[in-house]
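Take the sequence shown: its position 175, counted from the start at 1, is 175 in this note's numbering, and no numbers get skipped.
Some hints here could point you the wrong way.
Mimicking PhoX-like on lysine-lysine, the simulated pairs with C-alpha atoms at most 20 angstroms apart in a straight line are [as the list claims (entries may be wrong)]:
(1) 121 x 99
(2) 99 x 115
(3) 99 x 143
(4) 182 x 130
(5) 279 x 297
(6) 130 x 115
(7) 182 x 115
(8) 143 x 182
(9) 301 x 279
(10) 279 x 237
Hint data in this document are derived by calculation from the structure and do not stem from the laboratory. Keep in mind the model is a prediction, meaning the values are calculated, not measured.
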Amino acid sequence: MSNLITEAQTLETEGRLAEAVQVYDDILNTTDETSTHALANFRLGTIYRGWRELFTAQRFLTQAHQLDPSNANIRDAVAELNLYFSENRESVADEMSRKNSDQIVSLFRIATGIKLLTMDKPVQAYPLLKSRTKIFPNAAMAKHLLTDIQITEDERNSAINFLLERDWLANTGALLYTITEKGLYNFYIELAQLHVSNAAWTEAMMCYEQASWLCPEQQVPRYYLVICCAEVETWDKAVEIAANLPAEVPESIDAVAYHTAVARSYHYIYETTEDDDAKQRIISACETVLRLDKKAKAISKLLDVYQPKKAWWRR
Numbered sequence: 001m002s003n004l005i006t007e008a009q010t011l012e013t014e015g016r017l018a019e020a021v022q023v024y025d026d027i028l029n030t031t032d033e034t035s036t037h038a039l040a041n042f043r044l045g046t047i048y049r050g051w052r053e054l055f056t057a058q059r060f061l062t063q064a065h066q067l068d069p070s071n072a073n074i075r076d077a078v079a080e081l082n083l084y085f086s087e088n089r090e091s092v093a094d095e096m097s098r099k100n101s102d103q104i105v106s107l108f109r110i111a112t113g114i115k116l117l118t119m120d121k122p123v124q125a126y127p128l129l130k131s132r133t134k135i136f137p138n139a140a141m142a143k144h145l146l147t148d149i150q151i152t153e154d155e156r157n158s159a160i161n162f163l164l165e166r167d168w169l170a171n172t173g174a175l176l177y178t179i180t181e182k183g184l185y186n187f188y189i190e191l192a193q194l195h196v197s198n199a200a201w202t203e204a205m206m207c208y209e210q211a212s213w214l215c216p217e218q219q220v221p222r223y224y225l226v227i228c229c230a231e232v233e234t235w236d237k238a239v240e241i242a243a244n245l246p247a248e249v250p251e252s253i254d255a256v257a258y259h260t261a262v263a264r265s266y267h268y269i270y271e272t273t274e275d276d277d278a279k280q281r282i283i284s285a286c287e288t289v290l291r292l293d294k295k296a297k298a299i300s301k302l303l304d305v306y307q308p309k310k311a312w313w314r315r
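All chains, full assembly: derive it from the sequences and hints.
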């Protein structure tokens with residue numbers, strides 16, 4: 001756990017705050033230690049306070065204070081924020097209303113984008129979904145900022161109902177709603193596939209990484225990650241992921257594309273290491289591709305490099 005804390009603090013020091021937020025969220029989900037929880041909540045509250053996400057900051061700082069009421073730094077941060085709210089009631093109320101409206105707009109665009117995909121309208125869906133990743137750089141921030149959104153009965157339109165019907169949005173109190181991890185997972189998966197269709201491989205990688213972070217038990221995003229990594233030639237990462245995946249590819253994955261990515265990635269690793277295990281993975285992946293697609297010329301040529309065909313008189 002100390003490694004995660006060190007990683008998060010290092011990211012903060014380097015100014016990589018969005019990444020730090022995600023690591024602090026990991027800490028909250030992987031430990032029951034009260035002091036560690038208090039620290040993670042405090043740091044999250046501090047980061048969001050710096051971003052002027054005051055209500056999200058208040059939520060984390062309050063939680064930190066409840067966990068460690070004797071901590072002077074936490075107590076001072078809570079007091080400072082409460083004083084700001086007290087001295088700026090009118091502007092705070094306006095900001096709360098504006099933030100809430102922005103959150104509803106985000107929910108609307110996510111729901112509308114996915115609804116358009118069900119209507120086979122990816123061109124119209126793509127900009128709606130893509131716009132949200134500019135506001136929420138990663139899944140942890142989306143989860144934190146799309147929490148406790150006030151939605152009145154008049155604002156409960158078809159888009160909001162679309163999310164509720166699929167358990168992608170949860171009612172957390174009187175007129176309060178929070179996006180679920182299931183909802184975010186589906187958002188990132190759908191957007192990733194749109195990025196793939198547009199050959200935006202780096203963006204697709206980011207989305208599959210976030211989907212995998214949200215639901216680590218799901219293997220599908222990792223298979224897609226191998227394909228994306230190969231497309232952007234991050235061979236080491238592709239091999240690292242593929243090495244921990246079952247050989248049997250899920251039905252939803254393009255098996256030819258996946259095994260082609262595996263063969264190419266291990267090929268570039270083998271050129272550096274000449275590792276025999278890598279060679280065997282190349283041969284196995286090439287043979288799998290050719291069983292599925294006999295016309296895969298590039299893979300056929302790659303297989304010949306590692307498993308030359310015998311001359312006809314020696315067969």
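Violated constraints from the hint list, given by number and in increasing order: As far as the earlier hints go, 1 and 2 are violated by this structure, in ascending order.
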